[in-house]
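If you read the protein sequences in the order shown, they are chains A and B.
When you line the first sequence up against this note's numbering, it's residues 1 to 252, in that order.
When you line the second sequence up against this note's numbering, it's residues 1 to 225, in that order.
If you are wondering where the hints come from, they were derived from the structure by calculation, not from laboratory data.
Errors might be hidden in some of the hints.
[What the hints assert, rightly or not] List of simulated lysine to aspartate or glutamate pairs, DMTMM-like, C-alpha gap at most 25 Å:
| id | chain 1 | residue 1 | chain 2 | residue 2 |
| --- | --- | --- | --- | --- |
| 1 | A | K246 | B | E25 |
| 2 | A | K89 | B | E144 |
| 3 | A | K246 | B | E144 |
| 4 | B | K98 | A | E82 |
| 5 | B | K98 | B | E144 |
| 6 | B | K93 | A | E85 |
| 7 | A | K89 | B | E11 |
| 8 | A | K89 | B | E164 |
| 9 | A | K10 | B | D120 |
| 10 | B | K65 | A | D248 |
| 11 | B | K138 | A | E85 |
| 12 | B | K65 | A | E82 |
| 13 | B | K98 | A | E73 |
| 14 | A | K10 | B | E25 |
| 15 | A | K10 | B | E164 |
| 16 | A | K246 | B | D80 |
| 17 | A | K89 | B | E28 |
| 18 | B | K93 | A | E24 |
| 19 | B | K70 | A | D248 |
| 20 | B | K98 | A | E85 |
| 21 | B | K27 | A | D248 |
| 22 | B | K72 | A | D248 |
| 23 | B | K138 | A | E24 |
| 24 | B | K93 | A | D131 |
| 25 | A | K89 | B | D67 |
[As the list claims (entries may be wrong)] Covered stretches of chain B, as calculated for chain A (at least 3 residues, CB under 8 Å):
| id | segment |
| --- | --- |
| 26 | 86-92 |
| 27 | 98-105 |
| 28 | 109-115 |
| 29 | 128-141 |
[Claimed, not checked] So these bits of chain B aren't anywhere near chain A, every CB distance computed over 12 Å:
| id | residue |
| --- | --- |
| 30 | N49 |
| 31 | K70 |
| 32 | D80 |
| 33 | Y81 |
| 34 | F123 |
| 35 | Y148 |
| 36 | E171 |
| 37 | E176 |
| 38 | K206 |
| 39 | N215 |
Model, not experiment: these values are computed from the prediction.
Cβ atoms here follow ideal geometry from the backbone N, Cα and C, with glycine treated the same way.
Here's the letter readout for the chains.
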Amino acid sequence: MGNNQETESKINYTGVLFQQTFIEILQLVRTPLYLFGIFLFPSLIVFFPSTQNSAQLILVFFSALMLLIVSVERLGKRIATERIEGWQKLIQVSPLPPSIFLRAKIIVTLLISISILFLMFIFGKYRWGIDTPLIDWLSLFFCLILGIIPFAIFGIAMGYLFNPKSVDSILGLLIPMALLSCGLPLSDAEWFKIILDFSPFYHYGQLILSSANIKDINSDGNLIFHIAYLLIFSLFFYFLAIWAYKRDQSLS
Amino acid sequence: MKFINMTNLIEIKDLSKSFRQSLFEKKEVLKQINFTLKSHEFIVLKGANGSGKTTLINLILGLSKPDKGKIKLFGKSPQDYRSKIKLGVVLQKVSIPKNLKVIELVSLFRQYYPNPLSIDEIFNTVNLKGKEKNWASKLSGGEEQRLYFALALSGNPELLILDEPTRNLDEEGFKEFWQQIDNCWQKNISILMVTNQQSDLPYLQKFGTKYISLNNGQLEQIIVS
Chain A
1 MGNNQETESK INYTGVLFQQ TFIEILQLVR TPLYLFGIFL FPSLIVFFPS TQNSAQLILV
61 FFSALMLLIV SVERLGKRIA TERIEGWQKL IQVSPLPPSI FLRAKIIVTL LISISILFLM
121 FIFGKYRWGI DTPLIDWLSL FFCLILGIIP FAIFGIAMGY LFNPKSVDSI LGLLIPMALL
181 SCGLPLSDAE WFKIILDFSP FYHYGQLILS SANIKDINSD GNLIFHIAYL LIFSLFFYFL
241 AIWAYKRDQS LS
Chain B
1 MKFINMTNLI EIKDLSKSFR QSLFEKKEVL KQINFTLKSH EFIVLKGANG SGKTTLINLI
61 LGLSKPDKGK IKLFGKSPQD YRSKIKLGVV LQKVSIPKNL KVIELVSLFR QYYPNPLSID
121 EIFNTVNLKG KEKNWASKLS GGEEQRLYFA LALSGNPELL ILDEPTRNLD EEGFKEFWQQ
181 IDNCWQKNIS ILMVTNQQSD LPYLQKFGTK YISLNNGQLE QIIVS
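Start from the sequences, fold in the hints, and give me the full structure.
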């Protein structure tokens, strides 16, 4: 028993993470219909008529929406399904650290998100002819990807709190919430501005706008303030996810 | 005579667990349970349906937390993933991803352990040779149960915890299963098995060092065969 530590040191955790990620990718590739759906939706932007300015706005808007859907749906629904069906139970009785199990899922979600962004940026550049320096593309890319982290953590929490159908419903509610509170000029009322401060979608929207460099549409310039808010939301969702995970264990 | 170092693989002290039945009512499923499983022991846990057998197994495996008392699995908290390095488990109500092949699942599980059995050894032991490239979802009930057993053996365990392992087995699978248990027993693997199947009894007499029974939330009838 005392040599548990010694035997544990023989486990190559990097190799385990690699293998776990590979299995996640294998499962993804073997569900072609899901994969087709994921890449079909962003491809629809080619049918939008646009000018240089509106093209950039549509591109940014669709990219953020797609990443939001993928992060919540991919992580939340998948965790909920595996939890309900019993695959996670089998994993929990093995010595696989839960952090590796989750990291593999996050990596695959990031890979999907990156692929979607590449696809959309290619459409933006070659279909709509958006003429922006490489540094602006990169800045937009990193803001879109990094800003989605709190929503991905939120997805994990939902996966441990609800069943797969409820996660779908939550996502259905999240999209209109995101549209209402992402910073579109819907109202000048003071109460609306106060509500916006408590919306992670607003801060995500402002972060993206600050990097998108769209003519006539600027962010409010408080970049640090929005990053700080997104960090606070990440922390809040992180504790929610830990609580949901422990709650799921005590209920099982 | 072979010397066997009898260390405690499972230690349970004053364990209690209750579940809320309604807003004001709690049912105590396990009351002040004390139990130890040492190396090279074969313990059979019996009890009527709803007596708390699966609850006890879930607590030992860290799938849920006790209200009171302490559990140690290989000297560690069962919530600690490192406590499962030398453990193999066959559970009820689990599933495997349907779009993976048998070999992929076994290879994945082997990676989790520091001293896994070789792929050949695993497939030979559970008699799944020739089924490596089959989809896990296309296996018959008996074959699927053998796959779960393969996953349990993949880490070269010192302890097997088996919850109703013979439930879905056909006649051939049943005989093979007991042959595999015999092999494990020969390799000094300790076993904790939950079963209520009458058909298991003749086989159990060959190994069963202890029978314990859960009744009204308490452990009873420790019989040494």
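Here is how each hint holds up against the structure:
no.	hint	verdict
1	K246(A) <-> E25(B)	23 Å, holds
2	K89(A) <-> E144(B)	16 Å, holds
3	K246(A) <-> E144(B)	30 Å, violated
4	K98(B) <-> E82(A)	11 Å, holds
5	K98(B) <-> E144(B)	11 Å, holds
6	K93(B) <-> E85(A)	8 Å, holds
7	K89(A) <-> E11(B)	22 Å, holds
8	K89(A) <-> E164(B)	16 Å, holds
9	K10(A) <-> D120(B)	21 Å, holds
10	K65(B) <-> D248(A)	11 Å, holds
11	K138(B) <-> E85(A)	17 Å, holds
12	K65(B) <-> E82(A)	21 Å, holds
13	K98(B) <-> E73(A)	20 Å, holds
14	K10(A) <-> E25(B)	48 Å, violated
15	K10(A) <-> E164(B)	32 Å, violated
16	K246(A) <-> D80(B)	13 Å, holds
17	K89(A) <-> E28(B)	24 Å, holds
18	K93(B) <-> E24(A)	22 Å, holds
19	K70(B) <-> D248(A)	20 Å, holds
20	K98(B) <-> E85(A)	11 Å, holds
21	K27(B) <-> D248(A)	19 Å, holds
22	K72(B) <-> D248(A)	21 Å, holds
23	K138(B) <-> E24(A)	20 Å, holds
24	K93(B) <-> D131(A)	56 Å, violated
25	K89(A) <-> D67(B)	21 Å, holds
26	86-92	holds (count 4)
27	98-105	holds (count 3)
28	109-115	holds (count 6)
29	128-141	violated (count 0)
30	N49	19 Å, holds
31	K70	16 Å, holds
32	D80	9 Å, violated
33	Y81	5 Å, violated
34	F123	19 Å, holds
35	Y148	8 Å, violated
36	E171	26 Å, holds
37	E176	21 Å, holds
38	K206	27 Å, holds
39	N215	24 Å, holds
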